[in-house]
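Engineer: Protein chains in written order, with the working numbering: chain A, 1 to 317; chain B, 1 to 243.
Don't read these hints as lab results, they were simulated from the structure. Fair warning: there could be bad hints in the mix.
[What the hints assert, rightly or not] Simulated pairs of lysine to aspartate or glutamate, EDC-like, Cα-Cα distance not exceeding 16 Å:
hint, chain 1, residue 1, chain 2, residue 2
1, B, LYS9, A, ASP242
2, B, LYS9, A, ASP88
3, A, LYS135, A, ASP150
[Stated by the list, open to error] A partial selection of chain B residues facing chain A, derived with a Cβ cut-off under 8 Å:
hint, residue
4, THR8
5, ARG10
6, TYR17
7, ARG77
8, MET88
[Stated by the list, open to error] Over 10 Å on every C-beta distance to chain A, these chain B residues come out as not near it, computed from the model:
hint, residue
9, GLY14
10, TRP118
11, ILE137
12, PHE156
13, PHE173
14, PHE197
15, GLU208
16, SER217
17, ALA243
Everything numeric in this text was worked out from a predicted model, so none of it was measured. Quick reminder that beta carbons are idealized off the backbone N, C-alpha and C, glycines included.
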Amino acid sequence: MIKVENLSKEFGAKVAVDDVSFTVERGEILGFLGPNGAGKSTTMRMITGYIPPTAGVARVGNHDVIENPIEAKRLIGYLPESAPLYTDMTVEGFLGFCAEVRGISGADKAKAIDRAMEMCFLGQVRHQSVDTLSKGYRHRTCFAQSIIHDPDILVMDEPTDGLDPNQKHEMRMLIRRMGQSKAIIFSTHILEEVEAACTRAIIIDQGKVVANGTPDELKNKSELAGSYIVSLNNSEAAAVRDKLNTIVQAAKVTVINDKAPIITVRVFPKSKDSNGELGRAIFETASQNSWEISEIKKDEGRLDDVFREITLSETKN
Amino acid sequence: MSSIWTITKRELAGYFYSPVAYVFLVIFLLMTGAFTFLIGQFMDSNQASLRPFFQWHPWLYLFLVPAVGMRLWSEERRLGTMELLLTMPISLWHCIVGKFIASWLFLTLALALTFPIWITVNYLGDPDNNVIFASYIGSFFLAGAYLSVTSMTSAFTRNQVISFILSVVICLFLVLCGFPPVTDVVETVAPRWIVEFTAAFSVMPNIEQFNNGQIDSRSVIYFLSVIGFPLFTTSVIIKGLRA
C-alpha cells in the first residue's frame, strides 16, 4: 500500500532524510522509531504529500504522491504531530468540515461523523468548541478526523503524545484493531508502544534507516538478548562467576549484585541461538555445586537498549 | 468546485464564531458614515450624489480590508492546520480561492449593509442610480484587490499583525502611485515616464472610472489582474514554505 523508494529531503545544507526506502502492506503496523530530529516527521510529511521530496518517490496505493496528489491523499488518513485543529469550531463542525472536504456529504456525512466519534469516545464533547477541550480530547478529535473517511492507509505522527496512560492504552488497542484491515505507519519514541502495537519497526537516525524488522528481531540485536540472569541464595559471587565461566556455551559472566544474601550474575551466551542449552548447563552447574537458586530468567533483550546502541553509535561515527 | 465551496463556508462561518465579525461590521458602517457626513460634507454639498460616500473607500479600505484578510493564512500557519488542510485531497488553488471568496463575501456583506445611505439619497433627491450602481461595483472590486494583497501577505507570516502592516503598506502604494498630490511631487524629481508607468498600477484612476458611473472593461480587467496576481503569488509562497 505504501512504497517509499530512496526518499531524500534536504533543507538547505541540512539533510533531513537520506535515501530512505521501505514498504508497508495492508495488515501491517509499522512503528517508526528514532531520536528527536531523526527525520520521522519529515518522512511522514513526504508520504502524505505535505512537503515534496528532494529525491525519490513515495507511492501510496500505486499513486505517486507528487504526480497524483489528490488520488493519493484520498487514500490516506493523517494525524499530524501537533494534532492541529480549527479552534473556533465545535467538534462536530470540525469533523463535518473534514468529511465534506473529503467529498462525504448528506446522510453519509452524518454516519461518518457518528462512527468516528464513537471510535474515539468523543460523544460527550460533540457540541463543545474545540478551544475548550482538554489535550486528550483535542488529540482524539484530530485522530477522529484522520479516520473519518475510513481510509486504507493511516499515517500518524506520535499518536499517543500527550495522552494519559489509560488513553494511551486505548489508542494502542485502537491502532491494533484497525491494523488488521489497513496499512498503518506511526511514529513514536515510546518503545513499549512499538512492542505493544507494531508488527514491524524501523529505526531511523540522522535521516537514515538503521534497523528494520519485527520488534522481536530488533530486540535480538541487543547485547543482552539471550543472556541469563541468575540469582542465588547464600553464595559467594566471585566463586559462582568462576564456576559459570567454565560452561562451554557461556561467553562471559558478569556480576550484577554481590551483596549477600542474594547475589545476581548475568551469563552471556556464545551464540544467540543457544536453544536453551545455556540454561540447562546453568541448572546442571547449580545442582553440582548445590547452589540455592532463587531466580533464573532469560533476557529477551530490551528495545531501548537496541535503540540506544544503534542511535548512539551512529552519532559517534 | 464543491471543495472550494466547503472551504468558503468554513472560512465565512469562522468570522461569525467570534464577536469579531459583528464588531467589524459596526466599525465599518460607523467609519463609512462618519467619513461621508463629517468629512465628506454630504449634507452641505446639496447634491443627490453618493460621491462623498464612495470617494473615501480607497482610504478606508486600506485599514478595514487587511483587518478582514490578515488571518487567512497566518492563522492557518499559527495553528498548524495548514498541514491538515494541505494533506486533504483538494488542490492548493482551491484552498486559496475558497478562502479568498469567503473574505470577499464578508466584505460584500459589509458593503451591502450600507444600503440605508442609498435609500437616504433617493429619499432626499433624485440621484443617478446607474452611477451609484457602478460605484458599488467599483468598491466591490477595490475590496477584492486589497484583499488579494492581504491574502499574499498573510501567507508570508504566522503573525497577523505583520500580515496586516505589510498589506497596508502595499495597498497604500497602490493608492499613492496614482494619487495626483503625490505624483505631482514625484514628477519634479523623477522622469515623467516612470511616474506614468507606476501610476498605471494605481487603483485610483480605475476606481475613478467606476465612481464616474462607467463600468469600463479596462478597469475591470485591471482589478481582475490585481486580484489574480497576488493570489497566484500566495500559491507560490505556500509552495515555497513546504519545499
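Engineer: Take the hints in turn and mark each one as holding or not.
Structural biologist: So, going through the hints one by one against the coordinates:
For the hint linking LYS9(B) to ASP242(A), the alpha-carbon distance of about 78 Å lies beyond 16 Å, and the restraint is violated. Taking the CA atoms of LYS9(B) and ASP88(A), the gap is about 14 Å. The hint holds against a cut of 16 Å. Straight-line distance between C-alpha atoms of LYS135(A) and ASP150(A) comes to about 24 Å, which puts the hinted pair past the 16 Å bound. The interface hint given for THR8(B) is broken, as the beta carbon of that residue sits about 11 Å from the closest beta carbon of chain A, more than 8 Å.
This hint holds: ARG10(B) has a C-beta 5 Å from the nearest C-beta of chain A, less than the 8 Å allowed. With a cut of 8 Å, the hint placing TYR17(B) at the interface with chain A holds, because the nearest CB-to-CB distance is about 4 Å. For ARG77(B), the suggested interface contact is broken, since its CB lies about 10 Å from the closest CB of chain A, more than 8 Å. Of the supplied interface hints, the one on MET88(B) holds, with its beta-carbon coming within about 5 Å of a beta-carbon of chain A, less than 8 Å.
Once the 10 Å rule is applied to beta carbons, GLY14(B) is inconsistent with being away from chain A; the minimum gap is 6 Å. No Cβ of chain A approaches the Cβ of TRP118(B) within 10 Å, the least distance being about 33 Å, so the stated non-interface status holds. No Cβ of chain A approaches the Cβ of ILE137(B) within 10 Å, the least distance being about 32 Å, so the stated non-interface status holds. Under the 10 Å C-beta cut-off, the non-interface status given to PHE156(B) relative to chain A holds; the minimum distance is some 18 Å.
At the 10 Å boundary, the C-beta of PHE173(B) stays outside the reach of chain A, the nearest C-beta of that chain being 32 Å off. Here PHE197(B) stays apart from chain A, with its beta-carbon at least about 37 Å from theirs, past the 10 Å limit. Look at GLU208(B): its CB is around 39 Å from the nearest CB on chain A, clear of 10 Å, so calling it non-interface holds up. The non-interface label for SER217(B) is consistent with chain A: the shortest C-beta to C-beta separation is roughly 35 Å, beyond 10 Å.
With a least beta-carbon separation of about 6 Å from chain A, ALA243(B) fails to lie farther than 10 Å from that chain, contradicting its non-interface assignment.
Of the hints listed earlier, those the structure fails to meet are numbers 1, 3, 4, 7, 9, 17, in rising order.
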